[in-house]
Structures are given as C-alpha cells and as structure tokens.
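Student: Going down the list, the sequences are from chains A and B. Numbering of the first sequence is given in my numbering, commencing with residue 1 and proceeding in unit increments. Numbering of the second sequence is given in my numbering, commencing with residue 1 and proceeding in unit increments.
If you only want the chain A side, here are some residues facing chain B, beta carbon under 7 Å, derived:
1. PRO43
2. ILE121
3. PRO124
Calculated pairs, EDC-like style, for lysine to aspartate or glutamate (alpha carbon to alpha carbon, straight line, at most 16 Å):
4. A/LYS164 x A/ASP99
5. B/LYS145 x A/ASP42
6. B/LYS201 x B/GLU189
7. B/LYS201 x B/GLU94
8. A/LYS5 x B/GLU189
9. A/LYS164 x A/ASP183
10. B/LYS201 x B/ASP184
11. A/LYS5 x B/GLU94
12. B/LYS201 x B/GLU186
Just so you know, these hints were derived from the structure itself, not from any lab. Keep in mind that this is a model prediction, so the values were computed, not measured. All C-beta atoms, glycine included, are put in the ideal place defined by N, C-alpha and C.
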Amino acid sequence: MLRSKGIRRLSYILMALIALSMVVPFWSVLVTSFSTRFDSLDPGLRLWPSLWSVEGYGTLFARVNLWLPFANTALVTLAGTLLHVGLAMLAGYVLAQPDLPGRRLIGGIILLTLTIPSQVILVPQFILFRQLHLLNTLTALVISDAVSAFSVLLMKTYFEQVPKEILESARMDGARHLRLVWDFYLPMALPGVLTIVAFQIVSRYNMFTEPLLFITEADKITLQIALNSVIAGKDTTSTSDFIAPNAQMAAVVVAMVPLLIFYPVMQRYLVKGLMVGGVKG
Amino acid sequence: MRALRTHLPLYLLVAPVLIYFALFVFYPLGQGVWLSFQKAGLLGPQGFVGLANYHKIFVARTVWDAFWNTLTISAGITIFGTLLPLLPAIALAEITPDWLRRALQTTIYTPYLLSWVIIIGVWMNTLSPIGLVNSALIALHLIDKPVTFFASIPWAQPLLIGQTVWKDMGFRALIYLAALMSLDPEIIEAATMDGAKGWHKIRDLVLPHLAPVIGVVFLLTLQGSLHTFDSAYLMANGRTAEKVTTLALFAYQKGLLQFDLGMASAAGVVLLVLCLVVAAVSRLLVPQARL
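Please build the complete structure, drawing on both the sequences and the hints.
Tutor: Okay, here's the thing in structure tokens:
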C-alpha cells in the first residue's frame, strides 16, 4: 500500500513476530496439557510432548465437576444475551422515532450511564442484590448488564436507516409496535443485531467479576470461576490435592474450545461491530 | 391528550430500559455516595460519620498505593495500548495475499475474545519457572536461575500492562486498519511520484489520516484501564498484591472481604471522581471525544 520495499519487508517480519507471540504461548499450553503429569512438572524447552497423554484431562474431569458450571454459563449466556438484545432493540426503536417528545431527554439519560463504570458501583450493587434476595441466583448474572447504552446507540443507528414509510404515523398500540420491530426492523438491522449478539455471547461466557461477587454456592458457580479455581489452584486445601500443570492447562484448553468453535461463525459480526464501535466511539 | 395516546405505547416500550438503569445503575451509584458518609458494616449503615471514611482512606497507605497503582497501570496501558497497535495496522495493510492477511488478522484478534482467566493461565504457563521463556533464557545462558515472573514485585505492573496491551492489540489494530483503508491510494501514489520515502509517507500521510481514530482509541483505552479489575484480581498474590491492587480491587477487598462498606464506598467514589476528571480533561484535549 505504501509502495516501499523496506516497509513491506519489515511488515512481514513484524507480523510474523506478533503472530508468534500469540501462537507460541497457546501452543505451549496445548503441549503442556497433553503431557504426562511427570513431564509437565519437568523444566525444559518443550514444544512437543515427549509422551502424548490425556492424563491431564483425566485428572481435570475426575477432580472438578465442569458440567454443572458449564450448564450454568450456557444458561446465563443464552438468557442474558436474549434479554440484552431485546431491551436494546426496544430502546433503539423508540429513540429512532423522529418526532417523539422527550426523545432527547431519554437518550441523554441512557448516554449518562456510559460515564459510570460498573466497577465503581460493585459494592452497592452487591448490597442491592442482597436486598432483592438475588445473591446466589443465576438471575443476578442475567440481570447484570441486561442492557447497555452502547448497544442501544448501535440499534438506534441501524434503525434510523430503516425507511420511514413503514411507520403508520396514526395510532398504534404497543403490540403493533412490537410487530413492526419484529417484522421489519429486525430483518433490516440484522447485521447490527447479530453484532450485539456476538459480543454479548463473548462477554457473558467470559463474565468473571459478577459471579465472583454474587455467587458463593458451589452449585451456582460459572465456568470461568470453576476454571480459575483449577488454574490458580485456589481450592487446594492440602498438598496432596496439588493439581499439576498438565491438568491446569487442560482446563485452559477446555475453556477455549467453545469460543474457538463459535469464533469462525460469528467472526464477521465481531469485526464489523468493532468498526462501528470504533467510528462511533 | 391525543398526542399522549399516540406516544404512550412508545414510552411504555422504553420504560423497562429506563427502570433498569434507574434501579441497577443510578440507585447503586447514589447509595454508594451516601454510604461513603456512613459508618457501615455487615449489618448495614449505622449512622452518619461525615468525612470520616474519606479521612480514613486518605491516611491509609494502602489506599494511596491503590491510587498510584491505578494511575501507573492506567498510564502504561493507555500509552502502549494506543500506540503499539499502529504497527500491526500499518503492517497488515502491506501484507498481500488476501488469505494471509485475513489469517494474521484472525490470529492477532483472538486473544481479545478470551477471558482473563485464560489469558493469565496461558502466560503463567509460558512464564512459569519451568516454562518456555525461562527454559530458553537458561539454555542461552542469559540467566542462571529461573525468573519468577508472576511472583516478583518489579515484574508485577509491567506484566499486567503487557498482558492487557497484548490481549487488546489485535482489536485496536483492526480499528486502525479500517480507518487506514479509507486513505486515498492516489495520495500515496502522488507522494511516491514525488520521491517520498516510506517512513515519510507514514509520518506525513498515514499518521495524520489516523489521528482522529487514534484520539478515539486513546479515550476508550484510558477510560477502560482506569477500572482494571479482573486482570488485577487474577494476578494479585502474596508477593505482588501491593503493586497490582487497583482502586476497584481495593473497594472489592474492603467491602466484600472485610465488610467495611463505608470505606469501600469512599474508595469507589474516589475512583468515580478520578474517572470523571480524566474524562473531562481528555474531552478538552481530544476533540473526537464528543459523542
């Protein structure tokens, strides 16, 4: 693009280095996870297991019940994503109405939430969830981040491009509005909707702070918390309960698999969304 | 009255969102500010104490540590996280077979999608005393005994900053790349005809073209980095805690582990004020900040 041989050559070298900084650590994780317990405790430059073994995976699944946390995460991801997209579409639709009195005020209130980082309100949110008896429920994880100003703005931007002729300006009740959103707005703004869906799935699956705060009962924990207890060895109570690196790295691999399956399917929207996000800031 | 009847369904449709923000964002925010003036423990608020919580946190060394940690970690993430991704962005635009460029894009974007649990797990493995990096350094005789990267005070902040920058590099690079694609090739063509060197084209054409986007990325990175929590929580251990405890992490520890809700809320308010001040200052400095 820049028509300079030197820069072109440097570009290949630079990209090779950056890509290697991503590939090599993940490869090393894979190799460790497929090593025997003994090998994984042995220092050395290992880029290939001296003996392929699924011992680590065996230890992982024998020691930790991952299915329940996985089911919890799947449930929270599904319900949370649906709720988030639904609410964002409703608010986006209303804000896209050109002549609604108070539209600017509503938009301003929603925008204001962008200035309040969720980490600032962690403690009072914990108190609120306790008052609402939502601690130790998956509902708490679904409600956290039920909608965001960013998603509302994204939907509004997409909905504003829908031709206005569809709108029957005369009296419409709520059900008619919902029909209209479902029949016309959703299909026409599908790329935007799928962008929000893609990012929601990723962020719900990765959710860490909220389950850390709101969930303490073992049967409600989510995948990331369960994996962290393995990787950080945090629930090791005695030295005999020591989890070797091969099992720890098996946990990392297991946690990545669902995302790596999902990634190619949704990649288009993940990239497209960040373009819109990057431009709109 | 007629107008109200026409618009009422619309207000009802947006009501759930407004109620959600009121109940789960604005109310906790207000309660946080209110609690910061209360003596509050596990049993809830026990009376107004004025500025006592603020006095307590400003004489406590740990809070000042958390305050400075937040600032240095945030500065590191913002500076490197804004500037370094320019390199892969410019480089990606040069890579020609389309499939190769797409493959590289996908590769460097992947860490952005992974959770902090995974990222820390991956680097703890690579940098462990028996891991790849230490083994390589020992094999090359650069060090005698392994460096305990994740349990050493001088490495704590660089590692936290480095991992964050590394995780988000692909994401930021793709934002820059998208902006770069709108640069008119004819301008480059003309500059080439005039005999401009590659570096000069980057300095005089590419960077000025990207300047507005760099401003936006700068703001996003700055605001995001001020509330560093997950990565700090996962990196903090007995050795490194004093270097990676940010204000957000401090508030969590005080409030939910030690049940001093008043002091935790005060730390939260300090963080909020810090965020608002930084947002206001950066909005003055960077014209793209206005939404």
